[in-house]
Every structure is written in structure tokens, then in C-alpha cells.
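**Student:** The lines below spell out each chain.
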Amino acid sequence: MDSIAITRIIAIVGLALCLLGILLRLKTIMNRPFKKDLSRERGLTGRGLLFAFTLGMAPWEKESTRIHWISYMRGIFFHVGIFTAFGVLLVSPWLEILPNWLIWLGVVITGFGALFGFAGIFMRLSGPNERVLSVPDDYVSVFLSSFFIALGFATLLWPSALPVFYVVTGIVGVYIPLGKIRHCVYFFFSKFFFGKGFGHRGVIGQSKGKYAE
Amino acid sequence: MTNEKFTDKRFNLTDEKKSLAIDVLRQRLNRQLEASLEVCVRCGVCADSCHYYVSNPKPEHVPAYRAEQLRKVYRKLFDPVGKAAPGWVGAAELDQEMVDELIMTAFGSCTMCGRCVINCPMGVDTRHIVRTARAMLTAIDMTPGGLKATVNVHLEKGNNMGVNEEDYVETVEWMLEELQAELGDPSITIPFNKKNARVVYTFNPREIKYFPYLIQAAAKIFNAAGEDWTLSTESWDATNYGLFSGDDAAAAQMASNLEGAVNHLGAETLVMAECGHGYRSQRWEAENWIGHSYPFEVISFVELQAQYIKEGRLKLDPTRNQKRVTFHDPCNQARNGGIVDEPRYILRNVVTDFVEMTPHGVENYCCGGGGGMLSMTEFSNARKEAGKAKADQISATGAEIVATSCHNCLDQLDEIKRHYKLKVKIQNLSELVANAIVWPTPPEAEEEKTEEKE
Ligand code: SF4
Ligand code: SF4
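Heads up: the protein sequence lines correspond to chains A and B, in order. Using UniProt numbering, the first residue of the first sequence is number 1, and each one after it goes up by one. Using UniProt numbering, the first residue of the second sequence is number 1, and each one after it goes up by one.
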């Protein structure tokens with residue numbers, strides 16, 4: 001077996017463990033009680049949900065993201081970088097047949113993604129609030145994710161980096177359900193409850209009411 | 001105990017108390033709470049959403065810092081990595097030090113206003129986390145004294161200030177007489193226990209004890225609108241400090257007292273006085289605490305006043321309120337209840353010069369009086385300090401009157417006014433509405449006037 005085949009197995013095992021871990025996390029949260037809200041609706045819950053998962057995520061919608069737009073945009077580019085690196089992983093056996101423009105698009109996105117990812121570690125260390133809030137898991141999670149994107153970037157430019165990319169994928173895969181990166185699983189739950197709760201009360205995502213100016 | 005304010009031995013953590021507190025966390029760990037405990041990425045962008053942080057920017061005032069205290073306990077108990085390597089993920093034992101920290105963060109420096117919730121990109125509900133921490137502490141008798149007493153008095157006496165029925169009825173009747181005399185209209189009524197009235201109205205006991213003129217304001221509005229309304233002597237307290245102590249059983253008891261009163265009278269609508277947390281409790285939380293839906297509707301007096309104006313049921317003269325007015329949105333009505341347009345609609349109709357604070361509405365800053373803070377004297381200094389954000393907002397408007405529709409806000413704004421030397425008057429919304437009402441001269445009074453002239 002060559003190094004690519006061996007490391008590919010490492011990646012697959014890591015991702016399988018990741019999936020297993022995520023499923024266990026999902027099972028735990030789905031086993032927690034969930035009660036219907038018995039109060040009468042004031043707004044349309046559906047509109048609140050729609051808002052939470054769409055416009056509500058726009059950087060101008062929240063005061064916090066308007067103030068910390070650099071942080072927020074850094075996060076956006078970082079996350080786009082992660083998704084793109086996963087894309088690179090998926091198409092990695094066929095890299096040679098990909099069109100050049102697609103390769104270069106991937107290079108740009110993962111390049112910036114990795115840069116913004118590593119910048120996150122710096123920002124966490126330099127911000128007094130972030131420093132107090134952070135635990136080792138925060139630094140390791142950001143580092144691993146950024147390293148993963150960086151290797152996606154490297155693989156696109158130098159296909160010989162592929163075995164390293166696979167190994168790092170395996171490590172990241174194992175770490176996802178254990179560390180902070182698992183927030184990706186809970187994000188959908190918390191956004192759901194946010195949209196549902198505030199939509200039900202008519203606070204977010206509603207059309208103009210009869211008393212509006 | 002690190003804080004000299006909590007030296008009483010009931011604040012000592014015993015093994016029994018520890019396991020009770022953990023049981024409470026276990027019981028309350030539903031899907032929503034778990035999501036909020038898990039999803040925070042500790043990005044810190046919620047910092048400036050909190051009035052505590054805006055007034056005094058330090059890491060301990062970042063909303064995530066408060067939530068993180070309970071998260072540490074949660075990780076130690078429920079997360080495999082937290083159990084195996086606590087230092088790695090920030091997990092911690094529920095020990096005396098942690099309990100002290102929880103008291104200071106959950107009770108002492110969070111009003112559960114929800115401003116950080118609407119500002120968190122991940123949708124973390126810090127309100128929910130903080131209320132859970134309060135519930136755990138309340139279950140082990142570690143609620144700060146004033147808040148504990150307020151809940152107990154309500155449960156024992158039927159209202160949180162221990163007003164007896166005789167005083168209640170006498171105060172209302174005294175206000176009725178004064179109102180009739182002031183308007184020269186003996187037909188004005190304040191009915192008690194009227195069966196099948198459309199509306200049952202409630203009071204914050206502070207209105208009965210310290211602000212009886214607000215009873216007049218409400219009576220004037222109801223009578224002017226020709227409402228079919230009543231008061232109840234069975235249960236009339238709009239407040240519910242169980243929301244703040246985190247004690248769902250106590251909260252359910254207080255809420256069902258009101259429910260019983262409305263059901264016995266056979267009314268269609270329960271109208272909550274201008275009391276932010278009372279509205280939130282009865283409108284949004286109570287049915288979930290009690291476990292069934294009400295057969296009647298619950299609305300805020302603010303919504304009802306807006307409705308009267310919209311339907312043309314009040315004849316208003318805004319020139320009677322000529323001073324510049326700004327409005328403070330109670331968090332429990334605006335951000336936690338969706339009542340944003342109504343007070344503005346009212347003010348546009350009852351005053352001549354209305355100016356907004358920046359920010360306002362759903363994004364308004366908490367005044368610092370929410371979360372039961374006014375009952376917890378241990379944290380008075382922190383509360384006043386946290387009011388700075390609001391004081392600055394008020395100053396910037398150049399308003400002479402700050403209107404609001406919540407008693408806790410009213411009291412806190414009054415303290416802020418004195419503490420930060422603001423030259424403003426704090427008033428309830430209904431006062432301004434009542435003042436703008438053009439009362440129809442009763443025919444007898446008209447005749448008397450004509451006779452006098454002749
Ligand atoms: S609560 Fe939200 S905004 Fe605050 S640190 Fe956590 S994820 Fe970030
Ligand atoms: S709920 Fe309000 S007081 Fe509490 S942390 Fe959030 S913004 Fe601050």
C-alpha cells in the first residue's frame with residue numbers, strides 16, 4: 001500500500017469516528033425533553049424561524065456584528081474556508097482532472113480561510129475578554145480547523161501534500177465531537193429555538209404591525 | 001464564602017445541597033438549554049450588548065462569562081471530556097467557590113434582559129442559562145434575602161407587599177372618590193368582582209402602596225373608553241418574582257392565583273398592569289409553568305390603551321403633555337414580549353414632542369432594574385453602576401420626561417435620575433394618557449356651569 005492509500009484509510013476512520021460521535025451527541029440532545037409552548041402566539045413562529053436562518057445572520061442585523069464586523073467577517077471567511085477544504089477532501093482522488101479555474105478558486109478561498117483561521121488565534125490571545133473566556137480547547141479547535149484548511153490549500157497547489165491532508169483530516173475528525181468544533185451540531189438547535197421563541201412572541205422577522213409608523 | 005454579603009450559614013454548600021442543585025440542573029436540562037450550553041464559541045462579541053459591560057467594561061461583565069460559570073458545572077457532569085480532562089474544556093466541580101461565583105453572576109450581575117440573546121450570532125440564550133443557575137441556587141436556599149422574602153410574602157399573603165384586602169379596597173375607593181371629584185363626574189366607577197365583565201385588571205402592589213394615582217389613571221382610561229371591566233379581590237397582584245428566583249413551582253402558584261380569579265369572574269381578558277415582568281410571566285411563561293393553556297386572553301395594559309386609541313374610544317388632547325418625552329422600553333415587554341409599536345403609537349397621540357433613545361425598541365438597553373435587582377439590596381451599587389448606559393441614553397435625548405410602562409423600570413430610572421443627576425421626570429405611560437384625555441362634561445355639570453354664568 002502506498003502512503004496515499006494508508007493515509008486515506010486514516011482519514012476515513014477519523015471521519016467515521018466523527019460521524020459516530022456526532023450521532024451520539026445528536027442522540028443525547030434528542031433524548032432531552034422538548035415541550036410545546038402553551039402560550040398563545042403573538043407573531044408568526046415560522047417567520048421568526050425563517051429570519052433566524054436567513055437575514056438574521058446578516059452582519060448588519062445585529063448590533064454585536066455591526067460593532068465587531070471584523071471578527072464576524074473573519075469568522076465567515078474562516079467557515080467558508082472549512083467547507084471548501086471539505087470539498088477539496090471529497091474531490092481529492094480526482095484533483096488532476098479538475099479545471100484550472102476551480103483549483104484556483106479553491107486556492108483563494110482556502111488561502112484566505114486559513115489566514116483568517118490563524119488570525120483567530122491571534123485575536124483570541126490579544127483580546128482581554130476572549131483571553132479570559134478561552135480554554136485550551138478553544139485554541140486547539142481553531143488551530144486544528146485552520147491547519148485543516150491550510151492543508152486543503154496546500155494540496156490544491158502541491159498534490160504531494162495529500163497524505164498529510166488525510167492524516168490531519170483523521171485527527172480533526174476524531175476531535176470534532178470531543179471539542180468545541182461540535183458547536184456545528186448545536187448551531188441548528190440553538191438557532192431553531194431562537195427563531196421559534198422570538199418569532200412566537202412577535203419580536204423578530206415579522207411584517208409591520210397595525211401600530212407601526 | 002468569598003463575599004461578605006453572603007456569610008449566613010444557609011449559603012454554605014453541604015453535600016446534600018450539592019446533590020439537590022445537581023438534580024435541579026438534570027431535571028431542567030431540556031433540548032433548548034443543552035443547545036445554549038453547547039453552542040457558545042466564546043467569541044466575546046456579545047460583550048457590548050450587556051448594560052453591565054457598557055457601563056463598566058470588564059471581562060466578568062461579558063454575558064458569556066456569566067453563562068460560562070454554569071457551563072463549567074454542566075461539562076463536569078455531562079460531558080465525557082469534561083469529566084476526563086476538566087482543565088482542557090473548562091469544566092469545574094460544583095463546590096463552594098463555584099456556588100459563590102454563581103450567586104454573584106446569576107443573581108448579582110444579570111437582569112435576564114435578553115439583549116445578549118438577540119445579539120449572539122450563535123443564538124445562545126444566556127437568560128435561560130442564568131435562570132437555570134438561579135433555580136439551582138433557590139432550590140438549595142441560596143436566593144438573596146430580599147428576593148426570597150418577596151416570593152414568600154406573595155405566596156403567603158397573595159401579593160408581594162402583603163397588602164390586606166381592606167387596605168386594597170379602601171385605597172381603590174379613596175382614589176375613585178378623588179377621581180370623581182376631580183372630573184366632577186359621579187358616574188365614574190371602579191367595579192370589584194363584577195361577574196362576566198369583559199376585562200379583569202391587575203395592579204402592581206406598589207401602585208396600591210406608593211403610587212395610588214396610577215389607580216386613578218387606569219380608572220380614567222377604562223371609564224373614558226367605556227370598558228366593561230372589573231378588579232378582583234381574590235387575586236390582583238400582577239407581579240411574579242418566581243420568574244426571577246427561578247422557582248417554577250412558586251411561579252406557577254402565583255400565576256394560578258390570577259388564573260383562578262379570572263376564571264371565577266368569567267372574564268374574556270386578563271389585562272396586566274404596566275409591569276414588565278408581570279406581563280412576561282403571565283403572558284408568556286405562566287401557562288408553561290402551570291402546564292395548561294388559559295381559557296382567556298392575556299394582554300398588557302399598553303396594548304389595550306393603544307387599541308382604545310386606534311378604535312377612537314379616547315378623546316385626546318396631546319397639547320396637555322407639551323414637554324419633550326422619551327420612552328424607555330421595558331425589556332420584558334419589548335425584547336421579551338414584542339410590544340414595541342404600541343407605546344410609540346400611544347405617545348404619538350398623547351404628547352406633542354416624542355423623541356427616541358438610541359438604541360430603542362428590541363435593542364433598548366436594560367435600565368438595570370430587571371431580574372428582581374431592586375429586591376436584592378446586596379447588589380445595589382452594581383445595579384446603579386449598570387444604569388449608566390441608560391443614564392447616557394436619556395441625557396442624549398434632551399427629554400424632560402422619561403415615560404415607561406414597568407414599575408421596576410420606574411423605580412430604577414428614578415434612582416438613576418438621582419444617582420446621575422439627570423433633570424428628568426419619570427412617568428408611567430398611563431399617566432400621560434390619562435392626562436391627555438378630554439373628559440366629556442357631564443350634562444348636570446354643564447347645567448350648573450350655565451346657571452353659575454347666568
Ligand atoms: S454567547 Fe454568543 S456572542 Fe457571546 S461568546 Fe458565546 S457565541 Fe459568542
Ligand atoms: S441577559 Fe442582559 S444582563 Fe444578562 S448577560 Fe445578557 S445582556 Fe447582560
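To be clear, the hints were calculated from the coordinates, so they are not data collected in a lab. The C-beta atom is built at its ideal place from N, Cα and C for all residues, glycine as well. Heads up, a few of these hints could be off.
[Unchecked claim] Subject to a maximum C-alpha distance of 25 Å in a straight line, what follows is the list of computed DSS-like cross-link-like pairs (lysine-lysine):
| id | chain 1 | residue 1 | chain 2 | residue 2 |
| --- | --- | --- | --- | --- |
| 1 | A | Lys-36 | A | Lys-196 |
| 2 | B | Lys-423 | A | Lys-210 |
| 3 | B | Lys-76 | A | Lys-208 |
| 4 | B | Lys-83 | A | Lys-210 |
| 5 | B | Lys-157 | B | Lys-194 |
| 6 | B | Lys-425 | B | Lys-323 |
| 7 | B | Lys-423 | B | Lys-384 |
| 8 | B | Lys-76 | B | Lys-148 |
| 9 | B | Lys-209 | B | Lys-417 |
| 10 | B | Lys-194 | B | Lys-209 |
| 11 | B | Lys-58 | B | Lys-18 |
| 12 | A | Lys-27 | A | Lys-196 |
| 13 | B | Lys-83 | B | Lys-157 |
| 14 | B | Lys-83 | A | Lys-27 |
| 15 | B | Lys-323 | A | Lys-27 |
[Stated by the list, open to error] The following label-pair restraints were derived from C-beta to C-beta distances:
| id | chain 1 | residue 1 | chain 2 | residue 2 | range |
| --- | --- | --- | --- | --- | --- |
| 16 | A | Ile-67 | B | Tyr-420 | 21 to 27 Å |
| 17 | B | Tyr-213 | A | Gly-209 | 40 to 46 Å |
| 18 | B | Trp-439 | A | Pro-33 | 49 to 55 Å |
| 19 | B | Tyr-213 | A | Ala-212 | 27 to 33 Å |
**Student:** State for each hint whether it applies.
**Tutor:** Now the hints, each set against the structure:
1. A/Lys-36 / A/Lys-196: Holds, at about 11 Å.
2. B/Lys-423 / A/Lys-210: violated (34 Å)
3. B/Lys-76 / A/Lys-208: violated (46 Å)
4. B/Lys-83 / A/Lys-210: violated (53 Å)
5. B/Lys-157 / B/Lys-194: holds (23 Å)
6. B/Lys-425 / B/Lys-323: holds (10 Å)
7. B/Lys-423 / B/Lys-384: With Cα atoms ~17 Å apart, B/Lys-423 and B/Lys-384 stay inside 25 Å; holds.
8. B/Lys-76 / B/Lys-148: Violated: B/Lys-76 and B/Lys-148 sit about 29 Å apart, past 25 Å.
9. B/Lys-209 / B/Lys-417: holds (22 Å)
10. B/Lys-194 / B/Lys-209: Cα-Cα ~23 Å, so holds.
11. B/Lys-58 / B/Lys-18: violated (30 Å)
12. A/Lys-27 / A/Lys-196: holds (21 Å)
13. B/Lys-83 / B/Lys-157: violated (46 Å)
14. B/Lys-83 / A/Lys-27: Judged against 25 Å, a Cα distance of about 19 Å means the pair holds.
15. B/Lys-323 / A/Lys-27: Roughly 60 Å between the alpha carbons, so the hint for B/Lys-323 and A/Lys-27 is violated.
16. A/Ile-67 / B/Tyr-420: 21 to 27 Å: holds (24 Å)
17. B/Tyr-213 / A/Gly-209: 40 to 46 Å: violated (31 Å)
18. B/Trp-439 / A/Pro-33: 49 to 55 Å: holds (54 Å)
19. B/Tyr-213 / A/Ala-212: 27 to 33 Å: Holds: the Cβ-Cβ distance is about 31 Å, inside 27 to 33 Å.
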